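Chemist: Okay, here's what each chain looks like letter by letter:
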Amino acid sequence: MASPRYSLLRTLIPFDIYGGMKLTGKYFGKVLRQANRGLKRTHVVVEYPEVPTTLMPRFRGRLQMIKDEQGEVKCVCCMACEKICPTQVITIEKGKKEGRKTPFPIRYDFEMERCIFCEFCVESCGFDSIILNHQFELATYNREDFSHAMEGGFQNMFDPTPVSHYSVSSED
Amino acid sequence: MEQLLIKLGQYMFVIFGLLAVGGAGVLIFSKSAVHSVIGFLFSMICVAGCFLSLQAEFLGVAQLLVYAGGIVVLFLFVVMLVELTKYQEKGIFQTQTKFAIPLVGLGLLAFAGVFRTALFGASTNEALTLQPGLVGATENLGNAQAVSRGLFANFILPFEILSVILLVALVGAIVLAKSERV
Amino acid sequence: MTPTLTQYLVISLLQIVVVMGFVMTLVPLLTFAERKVIGYVQVRLGATRVAGGLWGAQRGRTHQSRTFTGGLNGFMWWLGRWPVISIFRGLPMFIADALKLLTKEDIVPIEADKAVFVLSPALAMVAAFTVFAAIGFAPGALFYFPAKFPYLGGLPFYGFLTDLNVGLLFILGVASVGVYGIVLGAWASNSKYPLLGGLRSAAQIVSYEVPLTLSLLVPVVLTGSLNFNEMSTRMATDIPVNGLVGIGRTLLMFVGFFVYTTCGFAETNRTPFDLAEAENELVAGFHTEYSGMKFSFFFLSEYASMITVSALASAFFLGGHYLLPFGLQPTWNHFFQNSPSAFLAWTCTPSILWFLLKIFFLLFVFLWVRATVPRYRYDQLMDVGWKFLIPYTLVMFVIAALLRYAA
Numbered sequence: 096m097a098s099p100r101y102s103l104l105r106t107l108i109p110f111d112i113y114g115g116m117k118l119t120g121k122y123f124g125k126v127l128r129q130a131n132r133g134l135k136r137t138h139v140v141v142e143y144p145e146v147p148t149t150l151m152p153r154f155r156g157r158l159q160m161i162k163d164e165q166g167e168v169k170c171v172c173c174m175a176c177e178k179i180c181p182t183q184v185i186t187i188e189k190g191k192k193e194g195r196k197t198p199f200p201i202r203y204d205f206e207m208e209r210c211i212f213c214e215f216c217v218e219s220c221g222f223d224s225i226i227l228n229h230q231f232e233l234a235t236y237n238r239e240d241f242s243h244a245m246e247g248g249f250q251n252m253f254d255p256t257p258v259s260h261y262s263v264s265s266e267d
Numbered sequence: 120m121e122q123l124l125i126k127l128g129q130y131m132f133v134i135f136g137l138l139a140v141g142g143a144g145v146l147i148f149s150k151s152a153v154h155s156v157i158g159f160l161f162s163m164i165c166v167a168g169c170f171l172s173l174q175a176e177f178l179g180v181a182q183l184l185v186y187a188g189g190i191v192v193l194f195l196f197v198v199m200l201v202e203l204t205k206y207q208e209k210g211i212f213q214t215q216t217k218f219a220i221p222l223v224g225l226g227l228l229a230f231a232g233v234f235r236t237a238l239f240g241a242s243t244n245e246a247l248t249l250q251p252g253l254v255g256a257t258e259n260l261g262n263a264q265a266v267s268r269g270l271f272a273n274f275i276l277p278f279e280i281l282s283v284i285l286l287v288a289l290v291g292a293i294v295l296a297k298s299e300r301v
Numbered sequence: 094m095t096p097t098l099t100q101y102l103v104i105s106l107l108q109i110v111v112v113m114g115f116v117m118t119l120v121p122l123l124t125f126a127e128r129k130v131i132g133y134v135q136v137r138l139g140a141t142r143v144a145g146g147l148w149g150a151q152r153g154r155t156h157q158s159r160t161f162t163g164g165l166n167g168f169m170w171w172l173g174r175w176p177v178i179s180i181f182r183g184l185p186m187f188i189a190d191a192l193k194l195l196t197k198e199d200i201v202p203i204e205a206d207k208a209v210f211v212l213s214p215a216l217a218m219v220a221a222f223t224v225f226a227a228i229g230f231a232p233g234a235l236f237y238f239p240a241k242f243p244y245l246g247g248l249p250f251y252g253f254l255t256d257l258n259v260g261l262l263f264i265l266g267v268a269s270v271g272v273y274g275i276v277l278g279a280w281a282s283n284s285k286y287p288l289l290g291g292l293r294s295a296a297q298i299v300s301y302e303v304p305l306t307l308s309l310l311v312p313v314v315l316t317g318s319l320n321f322n323e324m325s326t327r328m329a330t331d332i333p334v335n336g337l338v339g340i341g342r343t344l345l346m347f348v349g350f351f352v353y354t355t356c357g358f359a360e361t362n363r364t365p366f367d368l369a370e371a372e373n374e375l376v377a378g379f380h381t382e383y384s385g386m387k388f389s390f391f392f393l394s395e396y397a398s399m400i401t402v403s404a405l406a407s408a409f410f411l412g413g414h415y416l417l418p419f420g421l422q423p424t425w426n427h428f429f430q431n432s433p434s435a436f437l438a439w440t441c442t443p444s445i446l447w448f449l450l451k452i453f454f455l456l457f458v459f460l461w462v463r464a465t466v467p468r469y470r471y472d473q474l475m476d477v478g479w480k481f482l483i484p485y486t487l488v489m490f491v492i493a494a495l496l497r498y499a500a
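Protein chains in written order, with the working numbering: chain A, 96 to 267; chain B, 120 to 301; chain C, 94 to 500.
Hints in this document: simulated from the structure, not taken from any laboratory. These numbers come from a predicted model, not from an experiment. All the given hints hold, so there is nothing to weed out.
Result set (DSSO-like, lysine-lysine): computed pairs, CA atoms no more than 27 angstroms apart in a straight line:
id, chain 1, residue 1, chain 2, residue 2
1, C, Lys207, C, Lys197
2, C, Lys207, C, Lys193
3, B, Lys297, C, Lys480
4, A, Lys196, A, Lys169
5, A, Lys178, A, Lys162
6, C, Lys285, B, Lys150
7, A, Lys191, A, Lys178
8, C, Lys207, C, Lys285
9, B, Lys150, C, Lys207
Please model the complete structure; the sequences and the hints are all you need to start from.
Modeler: Right, dumping it as structure tokens:
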């Protein structure tokens, strides 16, 4: 720290305020020169509706089911996700399908309006058949539209969320 | 139009004076203490206007700066922080009335005595004008210069005595207001 | 050609319209500049668009799943392609701000003292705007009306409203009345937070008025005048009797500028000293209960007094209507007065341009400081005022008197 000899000088002349002003002035100048859509830019703002955002890899968006290479549903109805879900938003109905050894979910319902995006379901899944994707524009105009099912309805578990007029994300 | 403007300039003193009296009326007759202070402030600003209309611009602006800007703020502080309602119940203000009326009458008489030429005499305009010659300044000096020459050259001793009296009042206030612990 | 009284009145009214128009446009622009400057300092972009659904947004076209808006917002988006021009994105925001304040509901609390509640914003506003009567934006005539101009042909249009010979005192006196707007508004709201904020603010303004006035005494002593135009001209162009006095003057003006600006920040309740509206402890300070037009009166008066402080600082310490600050202009004039280059010779003459540029720079400094310096605590504020600034200004005052004696 400053010795007593300098502390008087620091009292009389506000060096620290000068240092702070220099720092902020530097950033002001930099951003003023580079506040455009060029390649080089200092500012950290993403102009979101027009420019797509890049999300962090572990971002937890909407629940989505995954199909394997043959276009077959990977889920085997072990019910782990349904059991572990703290808000009980997942409902699975076990069934059979021609030419498939493992059980096939004839119903997989997901009520997004109560989902807390905790990712327990994905962690509990032993077959990597569900993920939380990177969709974050999940708003809808009706409460019913939050219900996701395998087929039919407004949204299904395989397709991305239908985007609204403004909605854009990096995934689609 | 021209005549009207010139006359308006002449009657400015009267207008400001009446407004100042109005402000003083608000000061005395209003129920709320803060309204009284606002009336006082208005009165002070109008007195400054009176000075300005007499071409004593230094005094006018000093009035604005010292009274309106400084002293009335402190009054307002005291009035806002002190609870006046409990004094009103005790009737402290009413006990002073019988002493106050004769004193005010005496003050009015003294005022009339001092300014009798201004009030009743013929030389009304002259008495109401600030004369630079009064403080030993020549005519072409500005207002501020005339006042400062008067204060710091011709009447330096009374000025200093006045400041010492004010200092005494200040020290006395501190001694009275200080609590017992040292 | 001297104007008759009526002509004089007409010219005065025109001047008032011009000055008030200047201030009234500068204030909303300043709020926009505040968003932008603070945004840029904090590595953000500030306001970049306006009028979401009103113009163009519905007519937007989608291209590869990105939506581009047309109309006004499309123009804003297009402006963002260039570096410095992109600062003007979001400029219509100031109109939107003004419209919002004009159309907001005007709420008066039921327990408030109605008359005082209405009076105090007006008082703050009147005090902040009357000050401009004594500020000289240009030392002499700004221009002359052309001879064919109806009724006013050949008459001068001055750059100042009045040429009071106690102009500086007038400014200080009227500006000191502005504190009533804050205190009375705080009291009339009949609410705890405004009262605390108002008391803080009043104590702050009353105690910082002392160093402010003392620091302005330095130019008064150096020039021996109280007239705004004469002071600013003489502070810029007085030729010192010898080098030592010249250096002393320059140093004194340099230090005085910083001291005066610091006190000015406190007088206008701006950020390092904005304890009156410390939102984490006092909600919004004295204007917590105010809304709509009454709030915007307080708002306008704060920004107008910022302009006043900037004008005073640039007139008395930064060389006023001349190019160079801190009394360096005579040296410049000595070298370039008879220079063959017309431009260099022009820099030796007074111009309203320099004055306005200095005002704009100081307003930028106000915003810059707001983005940099954190708020002082109340006891620190009083310490800075009474233990630091007042002794500093007293020493400066004595040095100024010595310089005056030497000259």
